[in-house]
Amino acid sequence: MLLATMGFIVIFALLILVVTKKASVHFCLVILPILAAAVCGYGIDEIGGFMSDGLVSIAPTAIMLTFAVMFFGVMYDAGLFDPAIKGVIQLAGGDPMKVAVGTAIIAVLAHLDGSGSSTYLVTISALMPVYKALNMSIYTLATITALSAGVMNILPWGGPTMRAAAVLEMNVTELFQPLIPLMAIGLVWVLLVSGYLGYRERKRVGITSKLPENLNHVSEEAAKIKRPDRFIPNLILTLAAIIILILAYIPMEAVFVIALPICLMINYPSPAVQKERLEAQAPTAIYTASVIFCAGVFTGVLSGSGMIDAMANALASLIPTSLGQMLAPVISIVSIPMTIFFDADSMYYGVLPVISKAAETFGVSAEMIARAFLLGGHTTAFPLTPVTGSTWVLLGLTGIDLGTHQKKTLPWVLGSTTVMLIAALAMGVIT
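All letters in the sequence shown, in the order written, are residues 15 to 445 by the numbering used here.
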């Protein structure tokens with residue numbers, strides 16, 4: 015009873031402190047479980063062993079995330095995706111329907127680095143002049159960008175998948191591979207929605223040939239680090255890295271460890287410039303990696319001490335058997351409103367391990383619950399939550415308010431999750 019009580023206290027304390035910004039996520043993930051384990055009677059040596067086990071299990075995930083963030087950041091700086099962005103804008107011309115579909119394509123490409131903020135910066139900055147020139151609704155731009163980024167956030171380095179794998183001590187590739195066809199279906203849905211929204215805009219404003227000049231203007235500072243002449247080798251390297259990662263030819267943590275130095279040598283042969291480019295990506299990479307390692311301590315202590323098992327048993331006793339069999343599909347939908355109120359760390363490090371353990375008592379595997387979470391929890395719905403900083407980047411760039419953005423985008427977000435959930439049930443990815 016003491017283990018379950020202390021476990022729930024840790025979870026609720028984490029949720030409250032992180033959401034209210036009274037303490038950093040690092041503090042909550044490390045100090046709270048250590049204090050709880052001490053109260054439960056564990057000694058320093060035992061707690062140290064729990065922490066060590068958790069850190070060892072989390073290391074491959076943290077390594078992959080760190081190098082993936084730096085790799086895609088360097089590729090963006092080098093201009094790998096610039097030709098695609100320019101091409102989409104030119105092909106769309108003055109047709110609002112083509113512009114809307116092109117918006118989705120650009121946002122999908124922009125989110126390959128897994129960062130919501132960079133996706134919004136790239137997509138909104140590139141297309142805002144086009145939308146204004148064609149008199150298209152900025153809400154349409156925000157909705158399509160959000161939908162695209164949401165589905166793409168299922169990528170292993172997007173954040174949620176990493177967190178789910180870390181907290182359940184699973185191999186990221188094994189967790190992610192069954193989600194690939196679901197992501198493909200989700201992106202088809204996004205393109206269809208974009209086409210529909212663009213068709214509505216076309217009916218409202220018509221088609222025009224009027225487009226602003228200098229759409230592809232690049233600042234002098236950004237132009238200095240562009241490498242347009244290295245496009246082909248950069249493209250080959252990026253595709254090779256993604257294919258090798260998905261097919262698991264080598265350990266997933268090694269893929270971007272190998273790809274990053276090759277990328278740097280191709281684009282910036284000078285060691286001094288390589289150092290500059292790595293330092294430019296370091297803040298994001300170091301922060302995310304540090305959170306992942308802290309999560310290793312959190313799950314290691316809660317699991318090793320038995321608190322997660324105790325909480326799961328207590329929760330399972332409250333869930334009706336009939337509902338227990340449907341936990342995975344229910345979680346997919348429920349994860350959307352949860353995303354709006356809780357940040358990703360709270361959901362994946364606090365809620366997921368307890369629910370997944372409870373689900374196992376009903377014969378539902380932890381992998382099923384994790385994949386169910388990933389169809390909505392801080393993936394499709396993350397552009398709607400006020401507790402994520404990137405949402406405010408989207409709102410700031412477009413000049414729209416949160417309430418209206420949520421009202422216009424939420425129905426389509428629910429559609430994204432529902433479409434992928436139906437496909438998951440049909441394919442047996444979730445049962």
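Watch out, some of these pointers could steer you wrong.
[Stated by the list, open to error] Keeping only pairs whose Cα atoms sit at most 27 Å apart, straight-line, the calculated DSS-like set for lysine-lysine is: (1) K146 x K100; (2) K422 x K112; (3) K217 x K422; (4) K146 x K112; (5) K421 x K35.
The hints are simulated quantities; they were obtained by calculation from the structure and are not laboratory data.
Hints, verified against the model:
1. Distance hint between K146 and K100 is fulfilled; the C-alpha atoms sit about 17 Å from each other, no more than 27 Å.
2. Our distance criterion of 27 Å between C-alpha atoms is met by K422 and K112, whose separation comes to about 20 Å.
3. For the proposed pair K217 and K422, the alpha carbon gap of about 19 Å is at most 27 Å, so the pair holds.
4. This hinted pair checks out: K146 and K112 have alpha carbons roughly 15 Å apart, not beyond 27 Å.
5. Restraint check for K421 and K35: satisfied, since their Cα atoms lie roughly 26 Å apart, inside the 27 Å limit.
When each numbered hint is compared with the structure, no violation occurs for any of them.
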